[in-house]
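S.K.: Given chain A, work out where chain B should sit, using these hints.
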Amino acid sequence: MKDIALHLLDIVQNSIAAGADRIVISLKVPERSGKLLVVIDDNGRGMDPEFLKKVTDPFTTSRTTREVGMGIPLMKQSAEMAGGELSLVSEPSKGTRLNASFMIDHIDRIPLGDIPETVRLLIQANPNISWIIHFSSPNNEFILDTDEVKRQLDGVPIDDRYVLEWIQNTINNGVQAVFGGVLDEVS
Amino acid sequence: MKSVEELKAIREKALKEISIRENEDKTRIVVGMATCGIAAGARPVMNAFIEELEKRNIRNVTVSMTGCIGICRLEPVAEVIEANGQKTTYVKLDAEKARRIVAEHIVNQKPVTEFTIGAAER
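Just so you know, the protein sequences line up as chains A and B, in that order. Take 2 as the starting number for the first sequence in our numbering and just add one per residue. Take 31 as the starting number for the second sequence in our numbering and just add one per residue.
One chain only, chain A, in its complex shape:
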């Protein structure tokens, strides 16, 4: 995967497959950490400890666990290449949280990629899920909660094209406001 947005698009499919109806995507640059943290939190069916151990290792993930496959190992590799790490916390019937970190200035860190387009496509394809998109850095903070958007829309579907266009633009503004000057790829 050539950027973080593509990893997000991929990993979130696991949350959807696990039956989650609430998914939080969080991108954070804590003050003076030099790190970009990516957190995906869902309320899907979760994994037991035995399965959890397997999903981060591509070589013990057998063909019978195909539904998990290469998505998590690839993201783990991207994180570790950039001096970061990836971990998963999960509890059956409660949900799963994935934490990945990337050293911002590491020469092998993949760029953020097109987060606004990715989130728009995810919402468009899964309008019934409650999405919370959260960005934070020492500069600024941004939150988009689709339940709040739905309340404002009062019956107009969230996957209406004008609404989706607004969501994409709003998230784009959020990326600029929060990560502009913090991540090199965001001007």
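Think of the hints as simulated: they come from the structure by calculation, not from any bench.
With a Cα cut of at most 30 Å, we get these calculated BS3-like pairs of lysine-lysine: (1) A:151 x B:56; (2) B:46 x A:151; (3) A:55 x A:29; (4) B:85 x A:151; (5) A:151 x B:43; (6) B:85 x A:3; (7) A:95 x A:54; (8) A:3 x B:122; (9) A:151 x B:38; (10) A:54 x A:29; (11) B:140 x B:85.
The following residues of chain B were derived to be distant from chain A, with all beta-carbon distances above 10 Å: (12) 109; (13) 112; (14) 141; (15) 148.
Each residue gets a CB set at the ideal place from its N, CA and C atoms; glycine is no exception.
M.R.: Relative to chain A, chain B alone:
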């Protein structure tokens, strides 16, 4: 959340079009969005389908995602499922091919045979 006013204006705009869309037969375009598909470039393909449909003001077609359908070597893959249940599987797609599928299959109702799995596997 900021720009609530903006959202209200968008709601009004959207409401004007909603009544026209109901009760129409829906064709579905389903794009494979598993690890294999994404790595092969499924996201720009999905986006091209959406953009082309919007550009042509086509409202009775939905675009959605699915997992791996088992032909990873032929990704990006998309299926066009018509209202009558007829399914066409397109393989090795890119944004340009997606636009042609909208123009020829969706608009002119002529499937683009050369992009189908049947043609790829011959």
